[in-house]
Amino acid sequence: MTSNATPRWYDADAKVIWAGHQPACLVDLALSRGIDSHRLMRGSGLFYDDLLAPDAMISASQYLRLIDNARQLLDANDSSFLLGQRLLPGHFGACSNVLLHADTLLQALHQLVNFRVLLCPLLAPRLVVDEHHAYVYWIDALALGRSRQFLFETSMTAVTALTRTLAGESLPWEYRMAWAAPRHVEQYWVHMGDRLRFDAPITCMRLPREVLVRAPMSASPMLARIAERQAVLAINALPGEGTLSEVVFDCLYHNARKRQGLDQVADYFGMSAATFKRRLQREGTGYQALLDRAHTQIALELYQGRGCSHDQVAESMQISDRTNFRRLLKRLTGKSPDSLRVWLES
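Quick note on UniProt numbering: the sequence shown kicks off at 1 and runs consecutively.
Quick caveat, the hints were computed from the structure, so don't treat them as lab data. There could be a bad hint or two in this list.
Quick list of the computed label-pair ranges, beta carbon to beta carbon [said to hold, decoys possible]:
(1) S309 / I226: 44 to 54 Å
(2) V185 / A274: 39 to 49 Å
(3) N255 / S218: 32 to 42 Å
Glycine is no exception: its CB is placed at the ideal position from the N, C-alpha and C atoms.
Working from the sequences, and respecting the hints, build out all of it.
Below you can see the structure in the form of structure tokens.
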């Protein structure tokens, strides 16, 4: 592993999300559509007045329950997109100021990733920059259930709105979604544009690299530095760097070239294999699912960002047999190595 220190993580029931941040945006949207607050809070263990307290915190599980309720009660194709428009840069104190005052659009995206626990607590964005493009990959911080697509739509809309705010104009984002084209595709056109591809192996969005060197209209190095220090203090006050699922994914992604099994990873996290599996199950996932997700992202990065050969990708995934590599990629992406490359390049 890359470090001897046990990674810091928090349980999905730990109260780490400020109620007055993303949850308040969600509640405002629901109330503006005439949704009763009691119905919206049902099953979450929360009451409307709880969200008004200046220091109120809720857990990822509670926030996800609010989203589940809102999605069902709103029952409208534009709900996820309207919520996304409200989220970034947001009103989240120092973290929002870090985004607003970034030196370049690229730095703003880096800071979105650095402070993702505060800025997008249910989905974990990952930024990959190659010679031509910047990619934002979206990773589940915990099992999102039926609200998964809703949250992906919300998050991609939020980043689109963020860069539009910083640049003062719409930017040529391209989007790849890991689900079939929905009936309400016109909502994507309105809020994202028409550079859309569905049925992708993994959900991501990309932008030409040259666009990202622009300085936002609100750029201020001094204000950005002050805000960053304040945001770091807020991050350090949390019990961990993310949910267990998110931190395990990071471990598997960054150590893909090392042969490591469940027992080794569990030991790295200071747990027995049985406890490790049980804790991941509580978040709705498992070791193999996270390993598959890490392998999928690595394969896509190597193919589309670096133009690697099949053998190079297989080597990065510690697979020496071509037949096994072909079977694995087919299982992970639904495509053979050759067809995946054609799909990515088309």
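Okay, the hints, checked on the actual structure:
Under the hint 44 to 54 Å, the C-beta atoms of S309 and I226, about 47 Å apart, fit the expected range. Between V185 and A274 the C-beta distance comes to about 45 Å, which sits within the given range of 39 to 49 Å. Here the CB-CB span from N255 to S218 is close to 38 Å, well matched to the stated 32 to 42 Å.
Of the hints listed earlier, there is not a single one the structure fails to meet.
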